[in-house]
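Residue numbers (the numbering used here), protein chains in the order written: chain Z, 1 to 109; chain P, 1 to 364.
Source of the hints: derived by calculation from the structure; they are not laboratory data.
It cannot be assumed that every hint is accurate.
Unchecked claim - What the simulated footprint calls covered on chain Z by chain P, stretch by stretch (three residues with Cβ under 8 Å from a Cβ of chain P suffice, anywhere in the stretch; the number is not a length):
| hint | stretch |
| --- | --- |
| 1 | 30 to 38 |
| 2 | 48 to 56 |
| 3 | 76 to 83 |
Treat the numbers as computed from the prediction; the structure is a model and nothing was measured.
Even for Gly, the Cβ is constructed at its ideal location relative to N, Cα and C.
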Amino acid sequence: MHESTDLRISDHPILDFGNQEDIPFTFDGQAMMGKEGDTIASALHAAGVKILGYHFKTGRPRGYYCAIGNCSSCLMIVDGKANVRTCTEPLKAGMVVETQRDRGTPDVL
Amino acid sequence: MFYEPDIAVIGGGPAGLMAALMAAEVGAKVLLLERDGHLGGQLVKQTHKFFGSEKQHASVRGIAIAKLLENELNDLQDRVTLWQDATAIGLYEDGVLTVDHSGVYKKIRPKKIIAATGANEKYLLFPNNDLPGIYGAGAVQTMMNVHGVKPGHRVLMIGAGNIGLIVSYQLMQAGVEVAAIVEGLPTIGGYVVHASKIRRAGVPILTSHTIVRADGEGAVESAVIAEVDAAWNIVAGSERTIPCDVICISVGLSPLAELLWQAGCEMRYIRELGGHVPVRNESLETTVSGLYIAGDVTGIEEASAAMVEGHLAGLEAAASLGFKSPDYDHERKDCLEQLRQLRSGPQGEKIRVGLSRAEEQHAD
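Could you build all of it, start to finish, from the sequences and the hints given here?
Structure below.
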């Protein structure tokens, strides 16, 4: 299991995130745990994963940037499907999430 | 065969929600498209209380306004069809709107369209600006206030406009240290009340400063900042390194107008409004007949103005189809008056200048 970090907000003057259920998934084969209400990217970030992929040409690391599905910086392979915008894709139990290093293969041609 | 709603509203944020509500209220059949899995757009992460007047829900938190509008929409269920996880991907000359609805490609032909597509966060050019750990201010707000996740432990904020100030404060509320706020201009752009709160908490706001570069192995570990002179040149010897694991970019927004370009709207670059915006008349109709706009896509403003614009666009699009309430004239006037008030005073000057150039009759 990936080491947990202290990035989850536990005490907030306005917001109460309540008792969110744990959601298990894997990242590059590693067992991970997210929370109810997470997107794939927020779960990874909370677990300390900042690099979501690598640029297909330069190989430079790519992270989260806009969080609303605009910028394409967070594209990953999810359940075998490439180019998933992980910043808006809700996390589901059992998801298989992988680092993307190329442009991905279109699933419909 | 096309699905032909009276009015399609693109975007379920503050502008789109109001537009859909107002059009449905007078009897129009509305299709509301929202690309996300929830309504409210960027309201869902705005934990701060709104300014403006009571009509725009002043002193209510953004998150509560989203809920309020959504409840009102539920009361009009028989007239409003809501598609979530529905991204408008094309708008053609013959009025056909194409949508990716949960992976299914759909074509619709609404009688009228209201585009309330919102805005995009701007980037800033500097070496290593693509390192993980460099996030848009809005993104940080989403991560904290929607998902309950801190972006990191120590943040350098770039930009002292309202978003930069508000997000800095919200970072502190979430228990994250803000190392400093860096602002290129010699003055703070945001409201004094926000800036004072932050300074009282001990966070320096460094005006006439810029980010020179980011550094780190795989992710941000530090940033170099420096002072700039009146011509934006770096003052020699003023560089210093700030250790941080997050750099938050808050240098403004630009209207998300791709669909309007594609539809053939006349567009103008207006710096004061954040970029290219569609030319429109007072009723918020673009140069493409039957295509209306509301919210940040008309020019970057606050959610209060977006809601009033949505109200106006909904009213006008519905009226053009014959759905007119007995109060139409009064409501229209009231919307225009609310917008005038929101844009009054020195804070509204930039918007007033920009809008005067975006109105149809203006000659370039």
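Going through the hints against the structure:
no.: 1; hint: 30 to 38; in the structure: holds (count 3)
no.: 2; hint: 48 to 56; in the structure: holds (count 4)
no.: 3; hint: 76 to 83; in the structure: violated (count 0)
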